[in-house]
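Dock chain B against chain A, hints included.
First to last, the protein sequences are chains A and B. Mapping the first sequence onto the numbering used here, position 132 (from 1) lands on 262, and the numbers just tick up by one. Mapping the second sequence onto the numbering used here, position 332 (from 1) lands on 462, and the numbers just tick up by one.
All copies of an identical chain are treated as equivalent in the list; a pair is satisfied when it fits inside any one copy or across any two copies.
Below 27 Å or equal to it, Euclidean Cα-Cα: the simulated BS3-like pairs (lysine-lysine) are:
id: 1; residue 1: K319; residue 2: K480
id: 2; residue 1: K506; residue 2: K552
id: 3; residue 1: K480; residue 2: K329
id: 4; residue 1: K380; residue 2: K484
id: 5; residue 1: K319; residue 2: K278
id: 6; residue 1: K466; residue 2: K427
id: 7; residue 1: K506; residue 2: K400
Keep in mind that the hints were calculated from the coordinates and are not lab data.
There are 2 protein chains.
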Amino acid sequence: MDYEKIYARKAPDGAERRDLKRISDSLGEKIRSLLSKMRVTAEVQLVGSTSKGTNLKGGDIDLFIVFPTSYSRSDIVKVGLKIGHMILPDGQEKYAEHPYVFGYVEGHKIDIVPCFSMKENDNLKSAVDRSPLHTRWVNANLDDLKRKEIILLKAFMKGIGVYGSEVSKGGFSGYVCELLVIRLGSFQKVLEFFAGSEKRLRLTQDHPSPIDDAPMVVTDPVDRKRNAAAAVSMENLARMRILSREFLNKPSEEFFDGFPRKSPPNIPRKTCFRIFSLERPDLLEDVIYPQIEKLRKIIVSESRNEGFHPIDSEIVFGRRINILVELENDVRPAIKIHAGPPAHSQETRKFLDKWDKSPHVRGPFIVDERPVVEVKQVSRFNDVIISALRDKDIGANLNSVKGSIRIYSVPATKEQRDLMQKYMTRNLTG
Amino acid sequence: MDYEKIYARKAPDGAERRDLKRISDSLGEKIRSLLSKMRVTAEVQLVGSTSKGTNLKGGDIDLFIVFPTSYSRSDIVKVGLKIGHMILPDGQEKYAEHPYVFGYVEGHKIDIVPCFSMKENDNLKSAVDRSPLHTRWVNANLDDLKRKEIILLKAFMKGIGVYGSEVSKGGFSGYVCELLVIRLGSFQKVLEFFAGSEKRLRLTQDHPSPIDDAPMVVTDPVDRKRNAAAAVSMENLARMRILSREFLNKPSEEFFDGFPRKSPPNIPRKTCFRIFSLERPDLLEDVIYPQIEKLRKIIVSESRNEGFHPIDSEIVFGRRINILVELENDVRPAIKIHAGPPAHSQETRKFLDKWDKSPHVRGPFIVDERPVVEVKQVSRFNDVIISALRDKDIGANLNSVKGSIRIYSVPATKEQRDLMQKYMTRNLTG
Chain A
131 MDYEKIYARK APDGAERRDL KRISDSLGEK IRSLLSKMRV TAEVQLVGST SKGTNLKGGD
191 IDLFIVFPTS YSRSDIVKVG LKIGHMILPD GQEKYAEHPY VFGYVEGHKI DIVPCFSMKE
251 NDNLKSAVDR SPLHTRWVNA NLDDLKRKEI ILLKAFMKGI GVYGSEVSKG GFSGYVCELL
311 VIRLGSFQKV LEFFAGSEKR LRLTQDHPSP IDDAPMVVTD PVDRKRNAAA AVSMENLARM
371 RILSREFLNK PSEEFFDGFP RKSPPNIPRK TCFRIFSLER PDLLEDVIYP QIEKLRKIIV
431 SESRNEGFHP IDSEIVFGRR INILVELEND VRPAIKIHAG PPAHSQETRK FLDKWDKSPH
491 VRGPFIVDER PVVEVKQVSR FNDVIISALR DKDIGANLNS VKGSIRIYSV PATKEQRDLM
551 QKYMTRNLTG
Chain B
131 MDYEKIYARK APDGAERRDL KRISDSLGEK IRSLLSKMRV TAEVQLVGST SKGTNLKGGD
191 IDLFIVFPTS YSRSDIVKVG LKIGHMILPD GQEKYAEHPY VFGYVEGHKI DIVPCFSMKE
251 NDNLKSAVDR SPLHTRWVNA NLDDLKRKEI ILLKAFMKGI GVYGSEVSKG GFSGYVCELL
311 VIRLGSFQKV LEFFAGSEKR LRLTQDHPSP IDDAPMVVTD PVDRKRNAAA AVSMENLARM
371 RILSREFLNK PSEEFFDGFP RKSPPNIPRK TCFRIFSLER PDLLEDVIYP QIEKLRKIIV
431 SESRNEGFHP IDSEIVFGRR INILVELEND VRPAIKIHAG PPAHSQETRK FLDKWDKSPH
491 VRGPFIVDER PVVEVKQVSR FNDVIISALR DKDIGANLNS VKGSIRIYSV PATKEQRDLM
551 QKYMTRNLTG
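Just chain A, with the same shape it has in the complex (with noise of 0.2 Å):
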């Protein structure tokens, strides 16, 4: 395994850093002027895997104003704002924590970010106040040796599906990488740890964890309190744990440039296959995508409860959202045994008297210690789950457009082919 060659495709060139250095400099330069002529007293810092020099071919610059905790929020949003928009002219809102301008400038993504100016340990007042830290941090316990190990472990989870701690991926952040080379010392060492036999995978330097229930818990060392790797899902820390385990069994460049898809042999598999599709709200993606997976989770439990055998699922968000589920059977029993009171309870006698009075197909007879009756119900699929559907909160932003949910049984859009096509050709990256 030749880590030279991977490091070399895999981390930017010496033109791509010249040029990043050469456009931070002068945008930090532009902001300074600019808040100086508002007389605003906050400092301009380069933040993100630009800053520590740990950062991919093509990364982005994030540029962070931050703000002496004697601003309110509404001010360093408005500044913030006020000055994205004149660095950026093309530039864009964005909504994370509280708004900022985003842009690009020849061919870089850039982010300036309003954010208040922190301590280690303090109480935070959001998230993105953290990130001027984690940069002080990270990079007052970096070297070279260890940048490059840290571009080589976030080029192999980008390789098998597992970096990125945004919701739908659920994965591993930048700032985790970090945290993982210098905590262990290389890559190898890294994949030694998630390939080892242990249950259960903490990184805490002996401060418990108070979310002790996470897939993995990695202290960040600028707020002992928080678990680093809070976002990282049970699937992407098994996929990181087996191909761990495969990789360093037999290295190839293949993990680190994703693994081919392999279209399954063409057997009829005598099931069935519903594809939801519903209108995508105008929204960040981090705010949709749980809505998303919640109304999967409906989808799939209710299949479940109401006797359709779902045998697995599958989410796409492109124009629409779509949501694939395979049934064993999209048709069942127009029959069902309802089973009534205990044979000790009183209650047994309303039971026979309300099936006495009310139509049933069979009984009422005696199961184990109960009365039951048989009763007629609707066996159609999309009949039982549109009803099912109708009463189920699927959050606040996907109940507005529940009505625009349209239920196929083959792909009928170019999205929903690649749906069908990313479930047939699933493989160990996702």
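Below, chain B without anything else, positioned relative to chain A:
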């Protein structure tokens, strides 16, 4: 509710009583004289309901030959069979705890059974030895008023399908009916006992039963370690409780005569039926029934384990054994998810190695914290169940006729149509 009328319909009339008395006296005399000719010092005792005056119309005559314990079991069986055949020239042998002869005299069924003489709470040599003790105890504790109540209780239990302690019935024996009336006072009181809200029904006279996990416990007064109601199944106890409650609320003769069986409305059930038909070995019902029941349970559990979602099942045994099972589907998906070891285990390497080289459909991919792979599976019910049954032990006597199992999707014989009818018209009495 005119109990006198019910009693008159269900109890033997004067002529029948006189006939039974005459026949049993005369048979008893004959046996005694044969014993004396054979120089065997054994006593003849009329046992069972006829001996206690608690018999329903058309009851049997049970004549026991009670031997001192100085005799060996083989001796008493030899003498018992010899005398049996002399008394009942057309008699046949039957096997309970040991062989005995039964036959008919003037249309009344006669059992001639050898047993050992025992005292109360002795360690019994076999269960038949208890009958003379039961007869003695019951007669010492009964008056004619209670005899009437017992006959009503037996007729009620017979009407609702819970009378009879044979294995295939799992109901209440005549002796338990007698104990219940003796302990509780009357037919009405017994029904009130069952209709109550106690979770567990126990009549133990403060003798905690060693077999307390039975659905119902009634201490046998002649053998206080024994649960006289051990044969009662959970279903039949539930049936008795629920229908006692119904009867007390609205008494009707129906309870003594059996409920009508109503055919359900003819709707498409969207389910699949299978009837397993096999040869009936020429053995006592009490021997073969537990094996049939075991086979039914295996068919249901294998159907469930293999993903065919059984709904309900039913047995009839006439000339052949027929077991019906209703399934949600008779075709399951042609694929299934096969899960590997958890992510922390070093065994994930073997799992991925194996499936890298073995044919599969989708994957491997990650679900929760495991690598999984999707593999093909046989999808037709008959193929799956036949191979599942091949490896199963379905009991010594049924194993030998396993080869005769035929599986039908629609009833093909009168017995199978009756089975279907029994299943579709199931009511509270069974």
